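Note that the protein sequences, when read in sequence, are chains A and B. Going by the working numbering, the residue at position 21 of the first sequence is 21; the numbering climbs one at a time, nothing skipped. In the working numbering, each residue's number is its place in the second sequence (first place is 1) plus 1000.
I should point out that these hints are in silico values taken from the structure, not numbers from a laboratory. A couple of the hints might just be wrong.
[As the list claims (entries may be wrong)] Simulated pairs of lysine to aspartate or glutamate, EDC-like, Cα-Cα distance not exceeding 20 Å: (1) Lys71/A / Asp1056/B; (2) Lys143/A / Glu153/A; (3) Lys1026/B / Glu19/A.
[Unchecked claim] A short list of chain A residues far from chain B (calculated; beta carbon distances all over 12 Å): (4) Met1; (5) Gly11; (6) Val16; (7) Gly78; (8) Gly81; (9) Leu86; (10) Cys101; (11) Met115; (12) Glu118; (13) Ser123; (14) Ala129.
Only a predicted model underlies this, so the values are computations on that prediction, with no experimental measurement involved. All residues carry an ideal CB built from backbone N, CA and C; glycine is no exception.
Here is how the chains run, residue by residue.
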Amino acid sequence: MKQVITLRVNGIVEEVYIEPWWTLSRVLREELGLVGTKEACGNGFCGSCTVLIDGKAVKSCLYLAMKARGKEITTIEGLKGKDGGLHPLQKAFVQHFAVQCGYCTAGMIIAAKAMLDENPNPSEEEIRAGLSGNLCRCTGYLKIVEAILACTERGE
Amino acid sequence: MRFNYLEPRTIEEAVSLLIRCQGMAKVIAGGTDLLNQIRLKMIKPEYLVDIGYIPDLDYIKYDSEGWLSIGTLATIRSLEMSAEIQQRHPVISQAASLLGSMAIRNVGTIGGNLCHASPSAETAPALIGLEARVKVVGSDGERTVPLENFFTGPGQTVLQRGELMVEIQVPPMPAGTKGVYLKHSTRGTVNPAIVGVAAIVAMDGKRCKEIKLVLGAVAPTPIRAKKAEEILRGEEIDDTLIEKAAQAASDESSPITDVRASADYRKEMVKVFTRYALRNGITH
């Protein structure tokens, strides 16, 4: 049975009218129009649907929207730099040509943000391990790792 | 996906809902396994009973005798990161760190990993080796079950309709006991284990005082490799004995061929990873 729930997305409180089986990825994309978050495999393996919930990386395709009530959801649309423009990770992805088809990009950037928030200075190996839950079908990993390396404390 | 979503606020309410739903309900905690199964149409529950709103089921605590209690809702990531577990039962943190990607570990729970009862359940071999037991609550009260006897087949456990796992209890590791968990998989930790091997070993010089060797992903449930344990228990350990035990463990496994690996390959890898785990376990 459909019901109204309240979600806090990128700092904005949103009311949505949803079925209880709708996943967070579906509600973000189809109810709130936040299509930056992509859904590819739908089984938690590819990571393209990664969003932050209370600051932690979560696969939104395996997360019920109902469970996100009362939590702080951050999607790629909610990332900002200090000047209000692009977030440093977004800028680095542009500068390093870390985007090919773009389908994995939002998930990669969100996963990278969660990783850097926890450890601002990961090694290349730690970056690769931290991204192991995110697939790039274009196989453009090298540029992605370079972009994230540039956003570490060493890289700045 | 289509189901009714129920949100009990107490364990009693959850148990009574599960009984009233007469087998058409599934329990959801984090949902990372369950929603995947529903999306893949492997199961089609009419009701989901979300135990995530029941207070006081997410904890990690040690009592004065060194027993570890883990609430069923504790996330895999919290087991991985707990400084106390890292110090007192490091093998649990190690096994937790090898489960899926971080975005899965942030949401998936210990109760979910065990109750889902995948033969490759990442947290099971180490916990069985540590002689963990689980506390289960049903309409007739509670009982505890040794984790070793909890699994009855792929996706099958001793849980009766209306029973809920609420806690995992782990005895203290005696001084001088070392635990190792090794996972063989592709894509780093992301994919489920092809083979998992846990060894909990107590050495006295070169002699093996006590050992538990537990295999994951190579039988219908996680299994103790008891013949391999017998070969080692009480003996002075050398390479020949390790080789014999590794072969015995491989003989005790009964893997299937699936998308991740063939049965033959798995049997061979049981040998290899048992060897690694033992070598690692006897070096202090």
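Unmet hints by their number, sorted upward, for this structure
4, 11, 12, 14
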